[in-house]
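Join the two chains into one complex using the hints; note that each chain is given alone, in its own frame.
Given next are the chains, with one letter for each unit.
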Amino acid sequence: MSVPVLALEELNAGYGRRTVLSGISFSIERGQWYALLGPNGCGKSTLLDCVAGRLRPEAGRITITGHSLLTDPIAAKRRLGYGCAPDALPGLLTARQCLEIHAYAKGLPQVGAELMHLAEELRFSAYLESFVDTLSLGTRQKLAILLALVGEPDLIVLDEAFNGLDPASALVLKTHLRRRLAQTGASLLLATHAIDIVEYQADRAGLLLDGRLRREWSAEEIQDLRSQPRGFDAALAETIGV
Amino acid sequence: MHSVPDRPRPRLASTPRLLGAYYTLRNRWRRRNRGDRVLLAGAVLLWAAPVAWLAGCSRAALLDSCAWLSAHGLELGAAGFAGAVVLVSRRRSVVRAEATRSWLAALAVTRGSAFLEARTLEWAPACAWLGMLAVAGVSLLAVAAGRDIGSLHGVMKTAGTLVAAVVVGGLCSYLIPPGRDEDLPPGSRYVPHRRRLGPPLPKASQTGLAEWPVRQLFATLRPKVVTRAVVPVLLAVPLGATADSALLMLGVTAISAALLLLIVSVARASHDAARWLRPAPVRPSVLCRALLTRVLVALGLLAAAWGILAASAGMMASDATLGSAALWVVCAALAVGLTWFATHRRVGG
Numbered sequence: 001m002s003v004p005v006l007a008l009e010e011l012n013a014g015y016g017r018r019t020v021l022s023g024i025s026f027s028i029e030r031g032q033w034y035a036l037l038g039p040n041g042c043g044k045s046t047l048l049d050c051v052a053g054r055l056r057p058e059a060g061r062i063t064i065t066g067h068s069l070l071t072d073p074i075a076a077k078r079r080l081g082y083g084c085a086p087d088a089l090p091g092l093l094t095a096r097q098c099l100e101i102h103a104y105a106k107g108l109p110q111v112g113a114e115l116m117h118l119a120e121e122l123r124f125s126a127y128l129e130s131f132v133d134t135l136s137l138g139t140r141q142k143l144a145i146l147l148a149l150v151g152e153p154d155l156i157v158l159d160e161a162f163n164g165l166d167p168a169s170a171l172v173l174k175t176h177l178r179r180r181l182a183q184t185g186a187s188l189l190l191a192t193h194a195i196d197i198v199e200y201q202a203d204r205a206g207l208l209l210d211g212r213l214r215r216e217w218s219a220e221e222i223q224d225l226r227s228q229p230r231g232f233d234a235a236l237a238e239t240i241g242v
Numbered sequence: 001m002h003s004v005p006d007r008p009r010p011r012l013a014s015t016p017r018l019l020g021a022y023y024t025l026r027n028r029w030r031r032r033n034r035g036d037r038v039l040l041a042g043a044v045l046l047w048a049a050p051v052a053w054l055a056g057c058s059r060a061a062l063l064d065s066c067a068w069l070s071a072h073g074l075e076l077g078a079a080g081f082a083g084a085v086v087l088v089s090r091r092r093s094v095v096r097a098e099a100t101r102s103w104l105a106a107l108a109v110t111r112g113s114a115f116l117e118a119r120t121l122e123w124a125p126a127c128a129w130l131g132m133l134a135v136a137g138v139s140l141l142a143v144a145a146g147r148d149i150g151s152l153h154g155v156m157k158t159a160g161t162l163v164a165a166v167v168v169g170g171l172c173s174y175l176i177p178p179g180r181d182e183d184l185p186p187g188s189r190y191v192p193h194r195r196r197l198g199p200p201l202p203k204a205s206q207t208g209l210a211e212w213p214v215r216q217l218f219a220t221l222r223p224k225v226v227t228r229a230v231v232p233v234l235l236a237v238p239l240g241a242t243a244d245s246a247l248l249m250l251g252v253t254a255i256s257a258a259l260l261l262l263i264v265s266v267a268r269a270s271h272d273a274a275r276w277l278r279p280a281p282v283r284p285s286v287l288c289r290a291l292l293t294r295v296l297v298a299l300g301l302l303a304a305a306w307g308i309l310a311a312s313a314g315m316m317a318s319d320a321t322l323g324s325a326a327l328w329v330v331c332a333a334l335a336v337g338l339t340w341f342a343t344h345r346r347v348g349g
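Protein chains in written order, with the numbering used here: chain A, 1 to 242; chain B, 1 to 349.
None of these hints come from the bench; they were simulated from the model.
Owing to the predicted nature of the structure, the values given are computational and were not obtained by experimental measurement.
Beta carbons are placed, not taken as given, at the ideal position from N, Cα and C, and that holds for glycine.
Among the hints, erroneous ones may be present.
[Stated by the list, open to error] Here are some, though not all, of the chain A residues that point toward chain B, as calculated from beta-carbon distances under 10 Å: (1) Ala88; (2) Ala95; (3) Arg96; (4) Ala103; (5) Gly107; (6) Val111; (7) Gly112; (8) Ala126; (9) Glu129; (10) Val157.
[Said to hold, decoys possible] Restricting the straight-line Cα-Cα distance to at most 30 Å, the calculated cross-link-like pairs of lysine-lysine (DSS-like) are: (11) A:Lys106 with B:Lys203; (12) A:Lys174 with B:Lys203; (13) A:Lys106 with A:Lys174.
Okay, chain B solo, but in the shape it has when bound (with noise of 0.2 Å):
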């Protein structure tokens, strides 16, 4: 049994699941653990085998490093919204679960305390990631520190990218809805359940009409079809090609597929909603737009995505932007044009 202060540290007083999780923390790393040393000697092994690379590498290696870390911050950055979408989101739904079966979830804790609790735990990974690239950063401009390779300006333009990206990241994490309460575990035997008073009347709304032609595109995505799809493009990469060659191409035909597919399942939407809404007082020009508003998005954000793996193959940025433009324009048209010839050319009225 470890001991534990009197005092608990007063900053972490009102809010008893970080207090717990603190203590935790210390209780492991005062019994000594040999897993936790062995992570912990792994992850300076991480960090100290790039570093002592780049010090030990010539100066043409360094600058090649720097240059790649400068031209690829885009990349980098979408890679870190993504998964900073990720962490948050996932972290969020396990916090949400675990608090109803925490030991301390009888205790009375103000809802400042609660706010700032749930959005710490919430972070965690995303604030290790920032600490991590923190630490690379600023291994990177030690090590640079001592050789004569010009100015980091593109390499602190890259770092600053993918802080911001993991940031938005972040914070765009809480756009995906959350968990329904039928999907929480029941509650602990420290804590009542909360008795449910029948479920919520159904207010008047268009978000799943909006949101058919999404789920119609993931429902055409299953994992054998995605296979069936991804095998024959990379076999048709050429031997010799690099990975950041094979990547683009697949990355270019899975949007250009993605693409299609979601104007197909606009169509295919459109047409199933007309035919099932034709005794329902809907006007054809008031359906069009409900099914629309969430494909133009996606359409802009597949159209975006698009532009960015152009300006990573080295399209000029403005080519890009115009190129991405254009690409949402004509796909946009498309899909608006399928959904208004769908919803009317309704017959009987």
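With the rest of the complex left out, here is chain A (with noise of 0.2 Å):
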């Protein structure tokens, strides 16, 4: 049996004495998708942030490609890309000075050709010299988006990622995480409100309410619910009670 790309036992976590998040445990195998879902305030991001390394967890266990994230981070982080939010990126850096550093920091001798492509058909090129303080919103995010997959991952953190993306940029980018799946076995892990990102795109997904995983749908479930009118819509209803 191989070895999950993310796995959480039993995860605890919180900010000081509010406890956020209580018995988180999913894995996520080699080439998945995973979509998680939400309303506003119920943990999605303090999950991303404990996965990340951002957040200490109160209890229990996370491992990245088999090394704990507590333990031997430093291995944990190299399977890791983490896209921040795009107000977290440093102001005073030009967006290729944020590139440099990612690639130093995963001991890359440089950013490699694809993520570059990838710029391009996202047509950032033309702000790879700019002060990332002077980006809108959008072109942030496209650049956490780069920073997340540099050096090629196994396992890719994306925090509302298509939030301030054209519709246009939001298909490249859906397109190249699907391609990059498939082809380098990596996984990903988003928070997401968008519904149809579940429906076209994940192979799993888990809901999120008050801090606890309410349900998850497995890869059979959703190609279930895709072949039925408005399934997760209904599927979603159910769970929440609406």
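What follows is the structure, given as structure tokens:
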């Protein structure tokens, strides 16, 4: 049996005395696109912060391709590509410098040609020499995504990555991610509010409510829902109780 | 239309831009332009007035002037250095921007000639400065020769410092990175546009991290902030103070503020960088080192400037050196400590 790309076991996390996540357990296999759904404030970003090593969990285990994020963080993070929020990017650096630093951090000689091709497709290349704080929200979002993809990571973690992207760029990105997952066997954990991504792109999905993983849809279930008209809307409504 | 000789000067024949500049200057002179004559007369007057004053003044006043020059060699050298850096780097960017638009741009020039042309044009203002310094030095020597004012060793030392500072400043200006190709004008109708094959791949580098704290410092130094900081300092200068002491006070305040701001900037940049790079597989010690490389150099330069100011304020040279070294050590220790704390205080592995 192959090692899952991401495995969470009984994860509890929060800020100070406030517990945001409790008892989260799931795993993502190679090549899977996992969509994490949930209302605002349910803990999606907190979960992603834990997976990215930005927040230390109160309890539980996180492993990335078998490497524990808590005991062997450098090895785990070598397999991780995290797309931070656009406003968390350093405003005083140029986009090129951000890419150079990420390549340096991952021990690469340079950013791959394929990634620069994606930058060209996303019409981002013209902004490479611009300072981050002069970029628009959508352009920053593109940079955050490109940074997450530096160095062929095994696990790509994106937080609402399609927010602020124009439809053409969103289409380019979806196509690229689909192809990358199929070709390299990488996995994607995407927190999103967009149901269409679950309907048309995701292999698996999970619904987070009040800090708990209330419902998971397997690849077969999603395939089944896709064959029904408004199948996913109905399944979601049933779970939430609307 | 003015005549142009049939045979161009053989030494300039291989450098069309220099030859063009030579002909332009010569034709302007031949045209007997009134403005040029006035400019020349002004320059001669600027030279003649102080020389006449020196020649006519008393021996004591001449000795005072020589003593002032001897005592302020370091400051004059620093000013000459800064001036040369600005002049040569500015000239370089102008020459580079004009090169593609020049009517001579399409001419075939050997690599060596192009190098010689570019360096000559870039160094022209600095060479003009050196020429003026030489004229001033020779004039002073000529005036002093007729008066019994003893050894001119101190003045000669100052002149040497100034010349060396201008030369070193000009050379150091090449450390300032040139403008990017994107900033240059798109070329001329004589020269086909270079076809770009897409941007070069970003190479792994920590330069951005090294530049971050210094950029943070300049981001804080907005014109309004600087003005608000300078006004109270100027108001604090007591009435009747000399310009020297007011400048000294301003200089000390500026250096102290820059040191303080740089330390604050490195702390803030370290915090932000550690936060941003938390999901990346980079060790805190590596991050710390990358952030500090340029900061330590910048702190060293500021401490050296403090030492120069202290020496010019009358402090012994050895004490000023020791003081600036101690200042650097304290500031560096503070910067290292804050950066280490910010980068090692990372959560979640």
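State the violated hints by number, sorted upward, taking the hints as numbered earlier in the document. none
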